[in-house]
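Enquirer: Residue strings, one per chain:
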Amino acid sequence: MSVQELEKIFQDKIDREVRIEPKDWMPDAYRKTLIRQISQHAHSEIVGMLPEGNWITRAPSLKRKAILLAKVQDEAGHGLYLYAATETLGITREQTIDDLHSGKAKYSSIFNYPTITWADIGAIGWLVDGAAILNQVMLCRTSYGPYARANIRICKEESFHQRQGFEILLVLSQGTPEQKAMLQDAVDRWWWPSLMMFGPRDSESTHSDQSTQWKIKRKSNDELRQQFVDMIAEQAKILQVTLPDPELKWNAEKKQYDWGEIDWNEFWNVVKGNGPCNKQRLDARKKAHDNGAWVREAAKAYADKRKEREEKEIKVA
Amino acid sequence: MNQQTIFDYTIHLADNALVIAQRNSEWCGHGPVLEQDIALTNISLDLLGQARSLYQYAASIRNKMNGNDQATEDTLAYLRDAREFRNCLLMELPNGDWGQTILRQFFFSVYQYNLYQYLQRSSDNTLSAIAEKSLKEVTYHQRWSSEWVIRLGDGTEESHRRMQNAVHELWMFTGELTTPAGYELEAARENIGVDPASLKAAWSQTIAEVFQEATLDVPATGWMQTGGKEGRHTEHLGYILAEMQFLQRTYPDSKW
Ligand SMILES: [Fe+2]
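Line order of the protein sequences matches chains A and B. Heads up: the first sequence begins at 242 in the working numbering, then just goes up one per residue. Heads up: the second sequence begins at 935 in the working numbering, then just goes up one per residue.
Some chain B residues judged to face chain A by a derived CB distance under 10 Å, without partners named:
1) Leu968
2) Gln970
3) Gly1087
4) Phe1180
5) Asp1187
Simulated pairs of lysine-lysine, DSS-like, Cα-Cα distance not exceeding 30 Å:
6) Lys304(A) to Lys1189(B)
7) Lys421(A) to Lys478(A)
8) Lys397(A) to Lys1070(B)
9) Lys347(A) to Lys456(A)
10) Lys460(A) to Lys478(A)
11) Lys556(A) to Lys546(A)
12) Lys496(A) to Lys397(A)
13) Lys1070(B) to Lys304(A)
14) Lys347(A) to Lys273(A)
15) Lys520(A) to Lys345(A)
16) Lys1067(B) to Lys304(A)
17) Lys397(A) to Lys1067(B)
18) Lys1067(B) to Lys1134(B)
19) Lys460(A) to Lys513(A)
20) Lys495(A) to Lys478(A)
21) Lys541(A) to Lys527(A)
22) Lys1189(B) to Lys421(A)
23) Lys528(A) to Lys513(A)
24) Lys1070(B) to Lys541(A)
25) Lys478(A) to Lys1189(B)
26) Lys998(B) to Lys1189(B)
27) Lys304(A) to Lys998(B)
28) Lys1189(B) to Lys397(A)
29) Lys249(A) to Lys273(A)
Hints were generated in silico from the structure; no laboratory data involved. Since the structure is predicted, the reported quantities are computational estimates derived from the model, not experimental observations. C-beta: ideal position from N, C-alpha, C; glycine also.
Isolated chain B (complex conformation) (with noise of 0.2 Å):
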């Protein structure tokens, strides 16, 4: 198996992670009750968790391949450009109202954990291993956001219209979890990884019944964005990673 595949293929899992929890971790201190608040933290520090285990394995691939101990968990989230993550776009939108970011958490959830229950079979023994401990969280994740979902757009006229309007701006993002990018597929061929596009009837199964029970309307599939997986991403992941990557660019060398 060609060890760059498996590189690319960890790091975007690494950095769809890793971005969402950066963007879930905004809401600290400032959410709508003390128990939410606490509970978005929660969602956050599991991911981040992720990202950290996905990280520390694709450095050991790439030191592997470069024969020196160079690459770590933090030389790659924190010293790549944007153009080399390769998260989805929906990961790095701003966070808008608490409905949106609930709403971004949801799409996500659904998918991570339709991902996680095949990529425990990889024949990668790395990769198995963090998906079949992610997906303990990954249930949880996708239950607190989906009835989350169910209460606000069942909730009251405002609430419903606010989360409408959150399915409106996501929803030409939501296309590019199931579009499999070039390393997704070879991955997939080897039984490393998953092709996404097979989980997208499951996805849309779930989406469609949660919605159901939220009174919200499944918009129409038209047009969608794509690009991050592929390192073409949204002006917004710029901005993140100036201010997530701000010390380590500042004070090169430096340990913390």
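Looking at chain A on its own, in the form it has when it is part of the complex (with noise of 0.2 Å):
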């Protein structure tokens, strides 16, 4: 069969909507377009738990201590999750995580602003996570498997972990002053960082037509957006907070919100790199890794010194 004849096949099967596997043909593009698009969730998965990470010794309650630390290593997990699904694809995890240190890789930019107070957390777990969800939840029907059914996992957690950061700023919403301050700052500081994770415009972004095509995306940087601003603006009310944008309203015609202009110039300074925390945070992941290696090493020796002796015991018997 001819490329040609392999390619109207695959798009027919997308168009009619059965889910690719590993073993299927798939084009080349396609493969690569989703070992980038994969890894990158994956690597923001794991970077993620740097910012809330910050916290987990500090957290003000031993309840909010548990919910933070079980919270911290669901991300763990929905890395697992999605290092798996990219090995499907033939790529190693080792490869993978090389291709993040190395800087080859992108995750997710939001992970480069830093958590200064206890209120970032509830902020990170309302508008970060609320706004991974959107998108996870599109890419629960994604065209490839591993990768859909890995989101179907992590959307099941994700819900969670948004409403106990809404549970954190709602309960700084009814405090003290101070704890309301600390409320109204965090939603300052994360709010257009959160509507920049959607991405570039749909008339800027280079990756949406071909993902459209192939269905990995369903909806467009822009739809998202404004799915996520309509959400938050309600839900905003209910913790008594100002979303720092004049131009937010209610638009009864298009019975939905407009907004302002997102920084686009802050937007792609921190995805080159300048962001406040893209330093720390590579470098953190680069240390534990480096910091790690004497027990890889360890744990592969020993597995395979237990393995001769197993064959050697099996030689003797």
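Hey, can you piece these two chains together into the complex? The hints should help.
Expert: Written out as structure tokens, the structure reads:
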């Protein structure tokens, strides 16, 4: 069969909503796009552990500490599901991680912002996980089977995280004047970066068209962003916080919110590595990896020794 | 039974669990490999859960004694100073490398495993219920940590050297686990608690067996540091508390 014919069968499957599985034929570009996207998603989960992990030892109550610890652990689990999904595409976890450390692979820019106060942990749950869920719910129906299934597992836990984040903020909103100020300050700092999570405007997005045709993506960046603003603007009323955008207002005609312009200069700057924590985040990941090398080597050496011993015992027997 | 004794005994058990959970949780997001980052966090979560049950019980005892309801798990964890903490010194030591953290967990899990087996039969219903529930968790902690002690001890030359070094760092803090404090002896007399000295033989035997498989030397028993159980701590505890308690101290009387 010619490549053209294979491509036709492939696209036909996609159009009929048949999931693509690891053993199926797929265009090279589809495989590459998925490797890039899924590994970027995996790295985001892992790097995302750092800003929240920053508050585990300082969580203000034992209950909050337990919830946060479990949450950050869930993110590690999400990373595992996703690295496993990339491995079905023929790339090892080690290679993917090397690409992160060399700077070749990216992760979500949102994690390059610092968590300065406890309210930031609530804001991450509410806004960052809230934005991530919209994306991941869409990805539950993505065309590549293992990636879709990973997202289904992730979504179950993620919606829980968003509620917990909201609950942190709700308690602050009913607290002392200092706590209310802490809440508003966190929302002021996380609002715009959260909107940036959906990526460039549709008119600027380089990967979108092909991804849509392959049904990797089923909604555009701008559609998802609109969905997010409409959801958050309503929830903000319950928290009695002001979203830091004077142009944000309900448009009765369009039945959705209008809002101001994202600072795209900041967006590209952080993507390029100039965010407040880009260097710290990558350094922390590299340090963990390097300091762990002797542990991984020892585990491998021990497993090899055991295997050797077992083989000897079999021979003797 | 003297309520103060049950309180002291319960607080000691809770402080052990909380302080080591707090230390272990420093690893979350920084572990050597994802699966083990998750495994150690699981252990932190189990220990934190145990600490919470114990603090809740201690708070109820204190409230009964004082005739009010001011004590909670959080006032006990967040509003006591270092001299009031009753954890063993071992728990508060810095993590060191991964091997040292694993080894500390192993020493403690073997101790907790033996302790909870007896504590299950405590005449105090709450303590026996907590021990019974925790024993399932601790059985896993002991298995996981001993497997890693063996793997690292008998892994590469470097890992062996690091583990032997960890043994030297931690050994002088192990004696306190099985050296009884006054409230432990009193709790044991009333069948509420366990005299930890009675756990020493079983503890030492497991350590020796695992060390042998790990090709690690058990140090000759030398001087053992004590004091934590009586509130005389290392310099490390103050920093742990400064970090852990900072929000509660900075914003008093706030709900979180
Ligand atoms: Fe996640």
